[in-house]
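Residue numbers (this note's numbering): 2 to 480.
Think of the hints as simulated: they come from the structure by calculation, not from any bench. The reader is advised that the hints may include incorrect statements.
Each pair of labels, with its calculated beta carbon distance range [what the hints assert, rightly or not]:
no., residue 1, residue 2, range
1, PRO446, ALA151, 22 to 28 Å
2, GLU220, ARG242, 29 to 35 Å
3, ALA193, PRO446, 31 to 37 Å
Computed cross-link-like contacts, DSS-like style, restricted to lysine-lysine with a CA-CA straight-line distance of at most 25 Å [said to hold, decoys possible]:
no., residue 1, residue 2
4, LYS54, LYS258
5, LYS269, LYS54
6, LYS293, LYS303
7, LYS293, LYS269
8, LYS69, LYS54
9, LYS269, LYS41
10, LYS293, LYS54
11, LYS392, LYS303
12, LYS258, LYS269
13, LYS293, LYS392
14, LYS258, LYS293
15, LYS258, LYS474
16, LYS41, LYS293
Glycine is no exception: its CB is placed at the ideal position from the N, C-alpha and C atoms.
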Amino acid sequence: MTNPYQTPLNWARYPLTGFDNSFERSTFLTGWLIQGTVNKQLLQSALQRVMEKWRVLAGRLESIEGTKNWQLAVPLDATLPSGYRTFVLTETTSDVALSTYLTLPLEQSHESLPQSLFLHPSTPRQNLAWVNSDSPLTCWHITHFPARGAATPTYSCIGFARSHGVFDGIGASMVMNALVAEMRGQEWDLPAMPSEGRNPNPIIEVLNRTRSMPQVKGEVEVPYSPLGLKGSLWMVGWHLRERYWRGATHRLFVVPKDCMATLVDPVKAELRASNEASTVTTGDILVAWALKSIYEIGTDPKTIVHCSNFANFRELIETAAGEPGLLSHYPHNAFLPLPYPTTTVEAINATSLVELARELSEYRHGLGLAHVAAAHHILASNALTMPVHPKAQDTLVVSNVSASRIMETDWTPIGSEGTICSYRFSATPNNLVIGNSVYISGRLPDGSTVLDVNLNAVRMENLTRAIGALKSKIWVGSV
Numbered sequence: 002m003t004n005p006y007q008t009p010l011n012w013a014r015y016p017l018t019g020f021d022n023s024f025e026r027s028t029f030l031t032g033w034l035i036q037g038t039v040n041k042q043l044l045q046s047a048l049q050r051v052m053e054k055w056r057v058l059a060g061r062l063e064s065i066e067g068t069k070n071w072q073l074a075v076p077l078d079a080t081l082p083s084g085y086r087t088f089v090l091t092e093t094t095s096d097v098a099l100s101t102y103l104t105l106p107l108e109q110s111h112e113s114l115p116q117s118l119f120l121h122p123s124t125p126r127q128n129l130a131w132v133n134s135d136s137p138l139t140c141w142h143i144t145h146f147p148a149r150g151a152a153t154p155t156y157s158c159i160g161f162a163r164s165h166g167v168f169d170g171i172g173a174s175m176v177m178n179a180l181v182a183e184m185r186g187q188e189w190d191l192p193a194m195p196s197e198g199r200n201p202n203p204i205i206e207v208l209n210r211t212r213s214m215p216q217v218k219g220e221v222e223v224p225y226s227p228l229g230l231k232g233s234l235w236m237v238g239w240h241l242r243e244r245y246w247r248g249a250t251h252r253l254f255v256v257p258k259d260c261m262a263t264l265v266d267p268v269k270a271e272l273r274a275s276n277e278a279s280t281v282t283t284g285d286i287l288v289a290w291a292l293k294s295i296y297e298i299g300t301d302p303k304t305i306v307h308c309s310n311f312a313n314f315r316e317l318i319e320t321a322a323g324e325p326g327l328l329s330h331y332p333h334n335a336f337l338p339l340p341y342p343t344t345t346v347e348a349i350n351a352t353s354l355v356e357l358a359r360e361l362s363e364y365r366h367g368l369g370l371a372h373v374a375a376a377h378h379i380l381a382s383n384a385l386t387m388p389v390h391p392k393a394q395d396t397l398v399v400s401n402v403s404a405s406r407i408m409e410t411d412w413t414p415i416g417s418e419g420t421i422c423s424y425r426f427s428a429t430p431n432n433l434v435i436g437n438s439v440y441i442s443g444r445l446p447d448g449s450t451v452l453d454v455n456l457n458a459v460r461m462e463n464l465t466r467a468i469g470a471l472k473s474k475i476w477v478g479s480v
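Given only the sequences and the hints, what does the whole structure look like? Please build it.
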């Protein structure tokens with residue numbers, strides 16, 4: 002259905018994919034806490050320039066009539082009508098001090114700041130709301146914390162909200178890279194304008210073209226579960242139980258650089274001795290460590306566990322198409338869980354950190370185009386599908402977005418005196434908080450790694466203890 006609120010313009014349209022559909026009921030939000038006062042006018046001007054140049058971002062989400070699928074409408078007129086909104090930017094001033102929410106200097110473990118500091122209440126929380134409200138694709142919100150005395154600094158929260166049914170983390174980082182370039186007055190790589198009328202989606206095109214290729218033929222297991230009404234109710238009930246019965250909370254851990262070295266360096270040294278260091282990444286080691294830490298105690302050893310660790314597949318599509326850079330400006334969802342098998346809590350605890358990291362690396366390298374094709378078939382064929390293994394009794398969701406460097410966004414051109422921390426949220430229509438998740442958010446200026454986690458009380462204590470053990474090793478080594 003074409004949005005009835007749109008001003009008549011020349012439009013390009015192209016469909017989104019099943020990878021987008023699976024997140025249609027989530028608005029993803031990245032927030033930054035900075036020292037200083039954000040200049041709204043400077044931010045607004047930079048956003049206007051980005052939207053003018055990258056017209057996909059100035060578009061609108063539409064539902065495709067007669068289907069449960071979505072498409073983007075992109076305005077192509079050289080000059081957009083003055084009344085046409087290309088983004089939303091709101092601001093407010095807090096009536097309480099920042100110290101109401103957290104202590105500075107930042108504690109190495111602290112509760113997340115409230116989502117409301119980064120998100121305006123009117124922001125849509127599902128695709129249908131984005132369509133019905135004729136909302137621009139990106140919404141930005143500033144909360145100011147004025148100085149409480151002559152010698153005290155000001156602080157600001159900056160929130161960037163977008164439908165997770167349109168953008169993934171890599172796409173969000175593309176937006177931020179363009180915005181930072183405009184704030185600095187620098188040139189950036191402009192995406193090509195789509196053609197007027199209907200355009201194909203490059204991922205769907207490549208998957209259709211490669212359907213008969215040997216690397217796509219044959220069945221592969223992908224960790225997705227179609228959910229009917231019963232499955233949906235079970236999933237909601239599980240997350241509610243984690244939150245209200247098992248005490249799940251949203252916390253951030255700031256892991257010092259030296260702690261990370263204490264964790265990673267010995268593993269890499271042992272792998273180098275066996276000539277395997279080049280295939281195992283810091284990310285593999287962190288995921289292995291998270292699994293061993295979180296499931297150390299408090300979970301039945303026979304519990305079947307799956308780690309849903311998301312990976313970007315843009316390069317696989319580009320290689321299959323023979324077109325390097327084909328998706329270099331593709332901001333939509335292009336990730337899926339790595340093909341990890343299920344395991345048990347008992348097996349996780351019995352496997353050494355080095356061996357588990359090695360195994361995870363092997364499974365990561367096994368991701369291929371066949372997995373992308375199989376996943377898209379499941380997602381496109383089922384209205385509601387979750388990235389959980391059908392045989393798993395317990396799922397740990399992991400997302401490593403540190404490579405996107407979105408946390409390191411430079412806000413100094415518009416008033417920042419430095420970023421203190423960054424936060425991640427998934428805003429849903431029913432305020433459901435997804436439990437049992439670990440996000441590797443990135444690094445602070447001092448080299449510390451930020452882990453943004455939602456875990457029940459027992460597992461949070463397990464992770465806290467594991468981080469404490471890393472700190473103890475540093476303390477012992479310094480004595």
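Tested hints:
Look at PRO446 against ALA151: about 27 Å separates their beta carbons, and that is inside 22 to 28 Å. A C-beta distance of roughly 34 Å is found between GLU220 and ARG242, which places it inside the suggested range of 29 to 35 Å. Restraint check, ALA193 to PRO446: a C-beta distance of roughly 35 Å satisfies the suggested window 31 to 37 Å. Under the criterion of a C-alpha separation no larger than 25 Å, the hint pairing LYS54 with LYS258 is inconsistent with the structure, at around 38 Å.
A threshold of 25 Å between alpha carbons decides the hint, and for LYS269 with LYS54 the separation of about 44 Å lies outside it, so the pair is violated. For a cut-off of 25 Å, the pair hint linking LYS293 to LYS303 stands: about 15 Å separates their Cα positions. Taking the CA atoms of LYS293 and LYS269, the gap is about 17 Å. The hint holds against a cut of 25 Å. A hinted pair counts as satisfied when its Cα atoms are at most 25 Å apart, and LYS69 with LYS54 does not qualify at roughly 30 Å.
Taken as a hint, the LYS269 and LYS41 pair is broken in the structure, with Cα atoms around 45 Å apart against an allowance of 25 Å. Between LYS293 and LYS54 the CA atoms are separated by roughly 46 Å; this puts the pair beyond 25 Å, and the hint is violated. Annotation: proposed proximity of LYS392 to LYS303 holds, straight-line Cα distance about 13 Å (limit 25 Å). A hinted pair counts as satisfied when its Cα atoms are at most 25 Å apart, and LYS258 with LYS269 qualifies at roughly 16 Å.
This hinted pair checks out: LYS293 and LYS392 have alpha carbons roughly 20 Å apart, not beyond 25 Å. For the given pair, LYS258 sits about 20 Å from LYS293 by alpha-carbon distance, which is consistent with the 25 Å threshold. Distance hint between LYS258 and LYS474 is fulfilled; the C-alpha atoms sit about 13 Å from each other, no more than 25 Å. Under the criterion of a C-alpha separation no larger than 25 Å, the hint pairing LYS41 with LYS293 is inconsistent with the structure, at around 45 Å.
The structure fails hints 4, 5, 8, 9, 10 and 16 (numbered hints given earlier, in ascending order).
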